[in-house]
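Colleague: The chain contents come next:
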Amino acid sequence: MHWIALPLPPPHEEAMAWWALRFTPRVALADGGEAVLLELAACERLWGGREALRVQVLRAWTQAHEVPAPPIGEGPTALLALALLRQALAQRPPPRRIPQGLPLHTLTALRPHAPSLERMGCRTWGALRALPRAGVARRFGAQVLQVLDQAFGDAPEAHTWLELPDQFALSAELPALAESADTLLWAASRCLAALQGWLQARQQGALALELEWRHDLRRVDGVAIASTQALQVCTAQATQDTAHLRRLLSEHLARTALAAPVNRITLRLLESAPLAQCNASLLPSDTPEGGEALHQLLERLTARLGPAQVQAPVLRADHRPECMQQWQPAAEALGRGGDGPVPDAVLLPPWLLRPPRPLAVQGNRPCHHGPLRLLAGPQRFEAGWWSEEEEGAAQRDYFVAHNDTAGLLWVFRERQPPAPGQPHRWFLHGVFG
Amino acid sequence: MSALPSLILPFAVPGVWHADVLGAGLSQAQPTGHALLDAQLPGGGWPLGALSEVLQPRPGRNEWPLVLPALAAATARRPGVVVAVAPPQEPFGPALQAQGLPAGRLCVVRAEASAALWATEQALRCRDVQAVLAWLPQVAPAALRRLQLAAARQQQLLWVFRPVSAAPQASPALLRLQVQGRDGEPTGLRVRILKRRGPPLEQALDLPGCHPRLAQALAAQARRREAAQNAALQTLPQGNRHALDRAALAAAA
Numbered sequence: 001m002h003w004i005a006l007p008l009p010p011p012h013e014e015a016m017a018w019w020a021l022r023f024t025p026r027v028a029l030a031d032g033g034e035a036v037l038l039e040l041a042a043c044e045r046l047w048g049g050r051e052a053l054r055v056q057v058l059r060a061w062t063q064a065h066e067v068p069a070p071p072i073g074e075g076p077t078a079l080l081a082l083a084l085l086r087q088a089l090a091q092r093p094p095p096r097r098i099p100q101g102l103p104l105h106t107l108t109a110l111r112p113h114a115p116s117l118e119r120m121g122c123r124t125w126g127a128l129r130a131l132p133r134a135g136v137a138r139r140f141g142a143q144v145l146q147v148l149d150q151a152f153g154d155a156p157e158a159h160t161w162l163e164l165p166d167q168f169a170l171s172a173e174l175p176a177l178a179e180s181a182d183t184l185l186w187a188a189s190r191c192l193a194a195l196q197g198w199l200q201a202r203q204q205g206a207l208a209l210e211l212e213w214r215h216d217l218r219r220v221d222g223v224a225i226a227s228t229q230a231l232q233v234c235t236a237q238a239t240q241d242t243a244h245l246r247r248l249l250s251e252h253l254a255r256t257a258l259a260a261p262v263n264r265i266t267l268r269l270l271e272s273a274p275l276a277q278c279n280a281s282l283l284p285s286d287t288p289e290g291g292e293a294l295h296q297l298l299e300r301l302t303a304r305l306g307p308a309q310v311q312a313p314v315l316r317a318d319h320r321p322e323c324m325q326q327w328q329p330a331a332e333a334l335g336r337g338g339d340g341p342v343p344d345a346v347l348l349p350p351w352l353l354r355p356p357r358p359l360a361v362q363g364n365r366p367c368h369h370g371p372l373r374l375l376a377g378p379q380r381f382e383a384g385w386w387s388e389e390e391e392g393a394a395q396r397d398y399f400v401a402h403n404d405t406a407g408l409l410w411v412f413r414e415r416q417p418p419a420p421g422q423p424h425r426w427f428l429h430g431v432f433g
Numbered sequence: 434m435s436a437l438p439s440l441i442l443p444f445a446v447p448g449v450w451h452a453d454v455l456g457a458g459l460s461q462a463q464p465t466g467h468a469l470l471d472a473q474l475p476g477g478g479w480p481l482g483a484l485s486e487v488l489q490p491r492p493g494r495n496e497w498p499l500v501l502p503a504l505a506a507a508t509a510r511r512p513g514v515v516v517a518v519a520p521p522q523e524p525f526g527p528a529l530q531a532q533g534l535p536a537g538r539l540c541v542v543r544a545e546a547s548a549a550l551w552a553t554e555q556a557l558r559c560r561d562v563q564a565v566l567a568w569l570p571q572v573a574p575a576a577l578r579r580l581q582l583a584a585a586r587q588q589q590l591l592w593v594f595r596p597v598s599a600a601p602q603a604s605p606a607l608l609r610l611q612v613q614g615r616d617g618e619p620t621g622l623r624v625r626i627l628k629r630r631g632p633p634l635e636q637a638l639d640l641p642g643c644h645p646r647l648a649q650a651l652a653a654q655a656r657r658r659e660a661a662q663n664a665a666l667q668t669l670p671q672g673n674r675h676a677l678d679r680a681a682l683a684a685a686a
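Chains A and B supply the protein sequences, listed in that same order.
Under my numbering, the letters of the first sequence match residues 1 to 433, in that order.
Under my numbering, the letters of the second sequence match residues 434 to 686, in that order.
Just chain B, same shape as in the assembly (with noise of 0.2 Å):
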């Protein structure tokens, strides 16, 4: 019985989705730049014209890494602006030109909470604004509705980003994702999909959380310091050892 229904349904319906595979999605995405994440999202990347939110454990925290491939491509492929509506710090224009977003690009708006929101509504009325990033850690679902409908207008990127404590809430986002740093690993990020259109998605994903060539840096760095102790074990004159340094030297041989 369970299997009648997938056989009456035409497949090749455009418009008709199954809810047990991802949403092809009749709108246009933006690849995000991690290949493992676009195969997660339907359409293969950010839905254009429509609200993706981001729950994060703290405001400031790993937003650049998940948005800043996407926002590249999308500024090197047509002219646009990008607007950030209520960051909680400053953008720092070198950094974010240097990984693909110039600075003559970015607009920032500092604003508090209704003002903000009034902000991103009408940056999504223009039609020279490319994406808009909008920190709102306290917006009502009605709202949110609003700027998914303005979103839809003009056929932008949209990013909501709130805190976890949003999670529960309803959302009229397409997409909801949750970001989180990894424990012991401080050049992870891992994402978790909590609304898609397509099955729910049980695990993690484990994207870059920065940079690849500060994560390489980072890296060298570990092992010039990890040779460097071992180094200055190997030069310890063998007789002169101190009774404290025995736990040290097991663990080394």
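The following block holds chain A by itself, in its conformation from the complex (with noise of 0.2 Å):
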């Protein structure tokens, strides 16, 4: 058996200790939560030896509170390494013979006795062990003893596993009421924290997050509101980045403005995926290292943007070249494409006029930027009569116009005349730029 303890910063709860579990499951909250214990001795072999392990285990201890390098007690027993941190922790130096030179307040169970057993001069567990038994458990309790047995490892301890939840919901109470979305970011991102604990020990990575946010007032200027309020996050991959998860929310927060001062958030797990880790590779790879994936940028831009901002063409089998591509949200439609290559498009222009522009007509000749000159065509597009709308049918003559100014263009000319006896009507649809 081999423990470590570790302090743990307040609030002490169970949450803020679930990043241990990824290392062993064999983790226990010490006295209300105030260090947390890691039996080492079973798992170290898989981490690569004990000092690798510790290291690591010190790593996530840093990264899960953001506060650089703690002290650390490790020792045979859960209590000795227990004592030493408790000891680390008041900065005094370990005691030269341990466990027998450690003080007795170190111990959880004898604080209540220290005070009348250094009176008599027993201050050390070793002194306090050199006395006799009998005596001992018939002044203070057979329980001092069999706490000090276990201390030594002479006695078996017994211990309350930490255990994950089966569902992932952890509440805060905010330390002073959020008058904004951004404040809540902060409360939001130590849950986060919990998250990845919670996603690590378990192997999952998320997809769907919800942040729901209890109002403190029940009306404002008179006029009911709900008592709470909630916001999802969604992401295409599962993940076990929370830095990801962070940014989308603080996306979407920045765009939520509160109903009322809040006092209180929930984060629930909504839906997870089992996260296959990938294997390393022992060539260095040919892509540059670092850098986000794909879809991390399109849920970020979409979050700030909206979905209508980021999208990509899919393409539509169809003569009309207004329903010739289709655009939808980046994230779906990157990568498929849509319907195979279109006849002679080299032809078409790479700049599509939408819907297209009315040309003023000077004589017959449609002017943009100065009159234009048509230098091919007419191209018959005749397509579209099928359609139930108005504008579906196109009746359309294609031609190639130029002028110096505005350059190449794709222009057309309504093949029916808005009225009998009027002018033809011509539009500008596209540009070769």
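Be aware that a few hints might be false.
[Said to hold, decoys possible] Computed list of chain B residues with no C-beta within reach of chain A, every gap over 10 Å:
#1 P475
#2 A506
#3 V514
#4 A531
#5 Q581
#6 G614
#7 A660
[Stated by the list, open to error] Covered stretches of chain A (chain B as the covering partner; in silico rule of three or more C-beta atoms under 8 Å from a C-beta of chain B):
#8 316-326
#9 348-362
Calculated directly from the structure, the hints in this document are not laboratory data.
Note that beta-carbon positions come from the ideal geometry of N, C-alpha and C, so glycine has one too.
Starting from two chains that each stand alone, build the complex the way the hints lay out.
Modeller: What follows is the structure in structure tokens.
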């Protein structure tokens, strides 16, 4: 048995120690969450030895609590590790003989008896152990002896192991009323850190989260408001990366207005999926390291700009240029491409105007920054007669037109004049830019 | 005296660049697809991981013929997405696909001034993005410098399109080009290199301004029209000429 004791910063909650479960299933909280105890002997081979595991545990602690380099207590029993941690936290040097030289108050069970024992001149574990057992048991109770035996490793210890809840839902009372959505983010990021621990211990990745907040007021200006409000955040690929989730939350929160001050938040995991760990490659990879994945980029852009602003084209088999491509949210459409190639598409312009811009007409010539010269055409389109809508049907003659100011343009003339006797209408539909 | 430094300085030291020759460039380059332009660019193409600035008279003119051959080659070589930020018009997928840029690899972000800059920078951070085209008409030099640094991290192609009026401003771009159409020649494109690693280039480069097949089609149509006009003139009865046709006849003869 080899135990490591690490301090837990307040608030002393179970969720604060979930990160430790990724190293070993034997994790216990000591004395109401003052410290977290990890038993490492059973699993240290998996992590490459005791030294390597200690380094990893310390790094995980630093990441989880964002405080540098904690003091640490190590020993063959949990009580001994905890006692050494308490000495280290009180900034006292460890005694010369361990465990005999440790002071009595480092054991929680001995604290009520420490003053009377010290008056007898008994100050250390070793001194107490040297006293006659029958007398100590009669005067202080058998429990004192049992705890001392456990600390020395002579009697078995019993622990309540830390267990993960099946569903992740973590509430946090805010230290002060939050007036703006940004303030919520600060509290939510602590819940996210706990979520990361939960996900790592369960080998899962988050797909959808819900952040719920409770309003402090029931009515604002005489108008009743809902007691809680919630925000859902989804991501395309299961992830344990809380930095990405945090950025998504912050983008959504930045666009959210709080109906009333908030006093409590709850973070729930709505959907998760098992996360497959990928193998590391022996050879150096060709692609540059670092950088984020495409879906992360698209989700962040969509969160700030809206889904209608981040799009990708999907090609459709149609003869009408405006129906040849359809814009869809980039997260779904990228990589699909749509229907096959259009014949003679190299003759189409790379820019399309939607809707087509009506052109002024001088005499019979269309004008766009000056009169246009028709270079090629007509190319006749007659399609969409099956369409229900009025403007779905298209009967057009397309031309390639040019003048020096506007460049090469793609214009069309409607074959039917708007009314009998009127001139044909001309439209600008594309630019060869 | 003037020849002395070049005698003393070793020529073959890597990382030392003589300002009177074209910089070979330590960074990689993506060939532009125009041999004439490649010959004048340091490294022989668009610099990877650096900002290329393109100045144009009006947004939406002449950018695709300049960048499409390079984009087609780059997307064919390795997977990745091309992001277009704040395009002036709607990019037409079928036409781009026919010229080598698959529609399923194009992502369009529509955004206004500061949001467009933000989106460009975000796109440059992504490892799955291969090239970024950004139309940023009013961008500060400091913001351009940020983009330049962001592009260097993931080795992407980055073009920023700005109006010609930005030409006198200082710019951190590695490469600055000015494009314009050629007067009287619809399918022509004239490129002037404003800044490069190398000696300044006085004369402009004339490149094809549209797909060769479109140029062929236009030329064929022009020939047909000319032939039709000539034929119409020939078939006119000799005695029945209008006085106004005389000038045209003289020209045809």
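Colleague: Verify this label for me: B/Q581 is non-interface relative to chain A, using a Cβ-Cβ cutoff of 10 Å.
Modeller: 17 Å, holds
Colleague: Would you check whether the claim that B/P475 is not at the interface survives, using Cβ distances to chain A and the 10 Å cut-off?
Modeller: 22 Å, holds
Colleague: Once the closest CB in chain A is found, is it more than 10 Å from B/V514?
Modeller: 6 Å, violated
Colleague: Are 3 or more residues of the stretch 316-326 of chain A near chain B, judged by a Cβ distance of less than 8 Å?
Modeller: holds (count 3)
Colleague: Taking 8 Å as the Cβ threshold, is the statement that the stretch 348-362 of chain A is covered by chain B upheld or broken by the three-residue rule?
Modeller: Result for this restraint: holds, n = 7.
Colleague: Would B/A660 pass as off the interface with chain A, using Cβ distances and a cut of 10 Å?
Modeller: Its Cβ never comes within 10 Å of chain A, the nearest being 15 Å, so this holds.
Colleague: For B/A506, which was marked as not at the interface, is the minimum beta-carbon distance to chain A over 10 Å?
Modeller: 16 Å, holds
Colleague: For B/G614, is the shortest CB-to-CB distance to chain A above 10 Å, so the non-interface label stands?
Modeller: 5 Å, violated
Colleague: Hey, does B/A531 actually stay past 10 Å from chain A on C-beta?
Modeller: Answer for B/A531: violated, closest chain A Cβ roughly 3 Å.
Taken one by one, the earlier hints fail for this structure at numbers 3, 4, 6, listed in ascending order.
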